[in-house]
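Undergrad: Listed here are the chains, written in short residue letters.
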Amino acid sequence: METKAFQKIYTKITQITKATCSLKATGIGYEEMAFVHGRLAQVVKIIGEDVTLQIFSGTEGVPTNAEVIFLGRPPVLKVSEELSGRFFNAYGEPIDGGPEIEGEERQIGGPSVNPVRRKQPSEFIPTGIAGIDLNNAIVTGQKIPFFADPDQPYNEVMAMVALRADADKIILGGMGLTNDDYLFYKNVFDNAGALDRIISFVNTTENPPVERLLVPDMALTAAEYFAVDKKQKVLVLLTDMTLYADALSIVSNRMDQIPSKDSMPGSLYSDLAKIYEKAVQFPEGGSITIIAVTTLSGGDITHAILDNTGYITEGQLFIRKDTDIGKVIVDPFRSLSRLKQLVIGTKTRADHPQVMNAAIRLYADAANAKTKQENGFDLTDYDERTLNFAKDYSDKLLAIDVNIEVDQMLDIGWNLFNKHFEPAEVGIKQEFVDQYWPKN
Amino acid sequence: MEKTNKMTKGTVAGIIANLVFVEVDGPVHQNEICYIDLEGTKLMAEVIKVVGTQAYVQVFESTRGLKVNDTVEFTGHMLEVTLGPGILSKNYDGLQNDLDKMEGVFLKRGEHTNPLEDDKKWEFKPLAKTGDVLEAGGWLGEVKENWMPHKIMIPFKFEGKYTVKSLTDAGKYTIHDTIAVVTDEKGKDINLTMIQKWPVKVAIKAYKEKPRPFKLLETGVRVIDTLNPIAEGGTGFIPGPFGTGKTVLQHALSKQAEADMIIVAACGERANEVVEIFTEFPELDDPRTGRKLMERTTIIANTSNMPVAAREASVYTAMTIAEYYRAMGLKILLLADSTSRWAQALREMSNRMEELPGPDAFPMDLPAIISNFYSRAGFTYLNNGESGSITFIGTVSPAGGNLKEPVTESTKKAARCFYALSQQRADSKRYPAIDPLESYSKYAEYPELEEYFRENIDPEWPEKISLARDILIRSREVSEQINILGDDGVPIEYHDRFWKGEIIDFVILQQDAFDKIDRSTSLERQKYMLNWVLDIYHTKFSFESFEDVGSYFKRMINQMKQMNYSEFESDKFKKNEKELNSLIEERKAE
Ligand SMILES: Nc1ncnc2c1ncn2[C@@H]1O[C@H](COP(=O)(O)OP(=O)(O)O)[C@@H](O)[C@H]1O
Ligand SMILES: [Mg+2]
Numbered sequence: 001m002e003t004k005a006f007q008k009i010y011t012k013i014t015q016i017t018k019a020t021c022s023l024k025a026t027g028i029g030y031e032e033m034a035f036v037h038g039r040l041a042q043v044v045k046i047i048g049e050d051v052t053l054q055i056f057s058g059t060e061g062v063p064t065n066a067e068v069i070f071l072g073r074p075p076v077l078k079v080s081e082e083l084s085g086r087f088f089n090a091y092g093e094p095i096d097g098g099p100e101i102e103g104e105e106r107q108i109g110g111p112s113v114n115p116v117r118r119k120q121p122s123e124f125i126p127t128g129i130a131g132i133d134l135n136n137a138i139v140t141g142q143k144i145p146f147f148a149d150p151d152q153p154y155n156e157v158m159a160m161v162a163l164r165a166d167a168d169k170i171i172l173g174g175m176g177l178t179n180d181d182y183l184f185y186k187n188v189f190d191n192a193g194a195l196d197r198i199i200s201f202v203n204t205t206e207n208p209p210v211e212r213l214l215v216p217d218m219a220l221t222a223a224e225y226f227a228v229d230k231k232q233k234v235l236v237l238l239t240d241m242t243l244y245a246d247a248l249s250i251v252s253n254r255m256d257q258i259p260s261k262d263s264m265p266g267s268l269y270s271d272l273a274k275i276y277e278k279a280v281q282f283p284e285g286g287s288i289t290i291i292a293v294t295t296l297s298g299g300d301i302t303h304a305i306l307d308n309t310g311y312i313t314e315g316q317l318f319i320r321k322d323t324d325i326g327k328v329i330v331d332p333f334r335s336l337s338r339l340k341q342l343v344i345g346t347k348t349r350a351d352h353p354q355v356m357n358a359a360i361r362l363y364a365d366a367a368n369a370k371t372k373q374e375n376g377f378d379l380t381d382y383d384e385r386t387l388n389f390a391k392d393y394s395d396k397l398l399a400i401d402v403n404i405e406v407d408q409m410l411d412i413g414w415n416l417f418n419k420h421f422e423p424a425e426v427g428i429k430q431e432f433v434d435q436y437w438p439k440n
Numbered sequence: 001m002e003k004t005n006k007m008t009k010g011t012v013a014g015i016i017a018n019l020v021f022v023e024v025d026g027p028v029h030q031n032e033i034c035y036i037d038l039e040g041t042k043l044m045a046e047v048i049k050v051v052g053t054q055a056y057v058q059v060f061e062s063t064r065g066l067k068v069n070d071t072v073e074f075t076g077h078m079l080e081v082t083l084g085p086g087i088l089s090k091n092y093d094g095l096q097n098d099l100d101k102m103e104g105v106f107l108k109r110g111e112h113t114n115p116l117e118d119d120k121k122w123e124f125k126p127l128a129k130t131g132d133v134l135e136a137g138g139w140l141g142e143v144k145e146n147w148m149p150h151k152i153m154i155p156f157k158f159e160g161k162y163t164v165k166s167l168t169d170a171g172k173y174t175i176h177d178t179i180a181v182v183t184d185e186k187g188k189d190i191n192l193t194m195i196q197k198w199p200v201k202v203a204i205k206a207y208k209e210k211p212r213p214f215k216l217l218e219t220g221v222r223v224i225d226t227l228n229p230i231a232e233g234g235t236g237f238i239p240g241p242f243g244t245g246k247t248v249l250q251h252a253l254s255k256q257a258e259a260d261m262i263i264v265a266a267c268g269e270r271a272n273e274v275v276e277i278f279t280e281f282p283e284l285d286d287p288r289t290g291r292k293l294m295e296r297t298t299i300i301a302n303t304s305n306m307p308v309a310a311r312e313a314s315v316y317t318a319m320t321i322a323e324y325y326r327a328m329g330l331k332i333l334l335l336a337d338s339t340s341r342w343a344q345a346l347r348e349m350s351n352r353m354e355e356l357p358g359p360d361a362f363p364m365d366l367p368a369i370i371s372n373f374y375s376r377a378g379f380t381y382l383n384n385g386e387s388g389s390i391t392f393i394g395t396v397s398p399a400g401g402n403l404k405e406p407v408t409e410s411t412k413k414a415a416r417c418f419y420a421l422s423q424q425r426a427d428s429k430r431y432p433a434i435d436p437l438e439s440y441s442k443y444a445e446y447p448e449l450e451e452y453f454r455e456n457i458d459p460e461w462p463e464k465i466s467l468a469r470d471i472l473i474r475s476r477e478v479s480e481q482i483n484i485l486g487d488d489g490v491p492i493e494y495h496d497r498f499w500k501g502e503i504i505d506f507v508i509l510q511q512d513a514f515d516k517i518d519r520s521t522s523l524e525r526q527k528y529m530l531n532w533v534l535d536i537y538h539t540k541f542s543f544e545s546f547e548d549v550g551s552y553f554k555r556m557i558n559q560m561k562q563m564n565y566s567e568f569e570s571d572k573f574k575k576n577e578k579e580l581n582s583l584i585e586e587r588k589a590e
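Chains as they are written, first to last, in this note's numbering: chain A, 1 to 440; chain B, 1 to 590.
In short, the hints are calculated from the structure, not lab data.
From the three backbone atoms N, C-alpha and C, an ideal C-beta is built for every residue, glycine too.
Hints are not guaranteed to be accurate.
To be verified - Distance ranges between label pairs, derived from CB positions: (1) 357/A - 488/B: 27 to 33 Å; (2) 582/B - 418/A: 23 to 29 Å; (3) 356/B - 326/A: 53 to 59 Å; (4) 357/A - 117/B: 34 to 40 Å; (5) 381/A - 574/B: 32 to 38 Å; (6) 117/B - 187/A: 57 to 63 Å; (7) 212/B - 357/A: 46 to 52 Å; (8) 117/B - 284/A: 24 to 30 Å.
Claimed, not checked - DSSO-like mimics (lysine-lysine), calculated; alpha carbons at most 30 Å apart, straight line: (9) 561/B - 413/B; (10) 554/B - 578/B; (11) 442/B - 208/B; (12) 561/B - 347/A; (13) 429/A - 572/B; (14) 67/B - 12/A; (15) 231/A - 108/B; (16) 108/B - 419/A; (17) 119/A - 157/B; (18) 18/A - 8/A; (19) 429/B - 572/B; (20) 261/A - 45/A; (21) 588/B - 429/A; (22) 429/A - 186/B; (23) 210/B - 172/B; (24) 8/A - 78/A; (25) 208/B - 186/B; (26) 321/A - 157/B.
All chains, full assembly: derive it from the sequences and hints.
TA: Next comes the structure, spelled out in structure tokens:
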């Protein structure tokens, strides 16, 4: 633990709550870091001489005469090439047995990029998964979460996407990760021979929940170093942001703030936006792309965490099990990539947008037919055909085990249209029909 | 405030996030601006409450590192913007700092940049003459800003009448050169330059009267122009869950709407959406003038990662700039995305101050704040008989997509057009997802506008619109019955009725914002296509079974969509139209 001569040391705590303690101190900066009884803490409120600190690992066992050492600076991370291949805890301390990092000290949670210094994202990130590339293409500099029930294999999908995306660095921010999942990530990255371009900041379920609050800022400070200073393409994986938001609510409730919807703090939108808006494409080539996981609570899609996330991110990818084919799919209805129009049809084949939309429309018709069927009505011939189409579509394109190129996805789309429908039923621009409708 | 007054100073007494308590040594006023000195960096802040000798200030920047006893200087004025030539085409932050003048990739705390250019010379042309008597907002002369005549006016803060004593000759001047000397009612001479300042939270009232809006503002969006028209000088809002198309719709309006100037306030939403405007507008043509879109656009960007307290400032800054240009006799369209973020910023602050919360913890006076803001829009007759207008359209982002929440409800009372985006329509990719039946335009019922439609579009226009609405309503009704009774549980006519509504939905309501041709439709073309779908509605078709109905109408929809994708009256358009005609002949009943 670092202690230096100029640091202010106090030993008289006046108040202790579950997450915070207060004491009388002077000359303290807002958001300054401190050690309280050897635990890392941060200043969250100053009224005159009364300073309130949030203790990340909780206040259990903290005595009123505990030593409080102010560090004279906000939270920092040391950045350099040495970060590559390393595993850290939420404070940025190595947990892989390796040496301390030598490098420049940077404040985490730093300033925002001037919007006029950003570049419009335009580089397609192919993942091989048609539920993403065909229907919800993602680009560098985008921020997009997976929305999934806790029992879905979201960590597996995210690891797969990360390894297929051609990124210079992959930075994992793990929050409330189970030890098994942590080891899973370590393993897949290792097996892929990718460890040297991976950096991880991990808070597991064994660590105190409030510590998680530091993880995204740590991961993104490292990301900014590589994207700005080294002009690299950086992919940041944040899992699970629901557990991050839960930690926010723990803190704000303990500080007696008026909760808003679903007992989340009223500032949830701004808090999450500060993280996600770090995604950026720079004109010089560097970029930060954020792929996150937000797990659903009891399938509630109007829950404040999900809702605020949806308002902030550039789309969302819903993953769920399709019981008809017994596979996990990327649901085409609620999923959306808001930046797809920057690449589809221009960076990919010109028929891409129309094929995508037509297939989803037909899939929606199938959903209607299914409701009809469930309500005991007779199905028309068209209904039957949409149902058959939906099964094929789900199996050959939506399932997450698909791994093909975009052109192939489009060709499969045309083949399925041809198999089940007439051109007029598909409703695509005539020039594309002329060019791509299979001639048999 | 007089310069001779000693400026009030203070020291920081407490800090909770961006709420700072300042112990002051003299008078302060509500909404006064002050600067907090953080090791040489000046953090701008606004007084939002005063208790005894403590001023509560909201800081427009991060307070990280701020300490008790840091010094504070008060300025004696409220948050002001600088008004003068050079605003057009700028990218400002919420406090009117020119973002392009800032150094480096990251925004620096305490960095303030000049909103205008000190040295640039403008070609000035006098409009007034010596001896003319003018009031605040009176036109002294004009300069060409891009291609717009930018009026140089008697400052809005001036009260009473002013006689023009002298006026410079036509020629090139900077914004700081004296271009006129005017004499006030007491005989005092005042030198005027091209710039003036105005406090953003106060409405500029330099006009003679504000009549009810009476003309259509063309947007090129069919579901708006045809079914829920907005008037020039009108107000509207777009509530919708995330992903239903609020921003795409606003961008479409900013590209296509028939206005002299567009002001976009990006309030607490995504930075990449502003980047899209920065990137595309300098390249895109303004369909009406052939110039680049950026030449008529000003952007106020306070995105979600920028200081929360400045969100409120950003919408007021945008409105004040709009009022300034309106006083020049221009037609302004002001767009704000999203007003909910501004309301949330108010909520965060009100909670920090431990005020008694209203519904959903929003401040009690939220409805008043919103309606006050919307009331600043409007069509105006200026004192010199010319007219200018501000049409305002804001988006609302209701939590959980539930329209029964305070921001939506308060806005509904203030705005006259309601463009409700429906999750269901967005899910089925029926874009723009404006629910045709939930949504309304109160202007459509104004006799002034009805008259305007009959004269300018079609003598029968109001009747046609209400027929189109009825068709949609009946289509929805039968679709519910079909769902309950089954396809063969209802007469074939029901299917016919259902599909005639679907034709209006697919051909008129749905519009592809990303297609070069379909994205904007002229009024003439809107009328043409509406006549088409109504003709089809009036046509009797014969069908053997209900299954024929759907597949037949789908072919018809497909044919008409091809028309929408073709240049109006082009060969391709006519070819598709001919095929549509023969398709109709196939099943036309006697
Ligand atoms: N008129 C439209 N035409 C085609 N696609 C649209 C249209 N409106 C919205 N979309 C689609 O919906 C997505 C979300 O729209 P957006 O305006 O960003 O939603 P919101 O602002 O309501 O969250 C867009 O990225 C686009 O894919
Ligand atoms: Mg939006």
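Undergrad: Hints first: check each against the structure and report whether it holds.
TA: Evaluated hints:
no.: 1; hint: 357/A - 488/B: 27 to 33 Å; result: 30 Å, holds
no.: 2; hint: 582/B - 418/A: 23 to 29 Å; result: 25 Å, holds
no.: 3; hint: 356/B - 326/A: 53 to 59 Å; result: 55 Å, holds
no.: 4; hint: 357/A - 117/B: 34 to 40 Å; result: 46 Å, violated
no.: 5; hint: 381/A - 574/B: 32 to 38 Å; result: 34 Å, holds
no.: 6; hint: 117/B - 187/A: 57 to 63 Å; result: 59 Å, holds
no.: 7; hint: 212/B - 357/A: 46 to 52 Å; result: 41 Å, violated
no.: 8; hint: 117/B - 284/A: 24 to 30 Å; result: 27 Å, holds
no.: 9; hint: 561/B - 413/B; result: 37 Å, violated
no.: 10; hint: 554/B - 578/B; result: 17 Å, holds
no.: 11; hint: 442/B - 208/B; result: 25 Å, holds
no.: 12; hint: 561/B - 347/A; result: 25 Å, holds
no.: 13; hint: 429/A - 572/B; result: 12 Å, holds
no.: 14; hint: 67/B - 12/A; result: 20 Å, holds
no.: 15; hint: 231/A - 108/B; result: 21 Å, holds
no.: 16; hint: 108/B - 419/A; result: 59 Å, violated
no.: 17; hint: 119/A - 157/B; result: 40 Å, violated
no.: 18; hint: 18/A - 8/A; result: 24 Å, holds
no.: 19; hint: 429/B - 572/B; result: 26 Å, holds
no.: 20; hint: 261/A - 45/A; result: 24 Å, holds
no.: 21; hint: 588/B - 429/A; result: 26 Å, holds
no.: 22; hint: 429/A - 186/B; result: 72 Å, violated
no.: 23; hint: 210/B - 172/B; result: 35 Å, violated
no.: 24; hint: 8/A - 78/A; result: 23 Å, holds
no.: 25; hint: 208/B - 186/B; result: 24 Å, holds
no.: 26; hint: 321/A - 157/B; result: 65 Å, violated
The structure fails hints 4, 7, 9, 16, 17, 22, 23, 26 (numbered hints given earlier, in ascending order).
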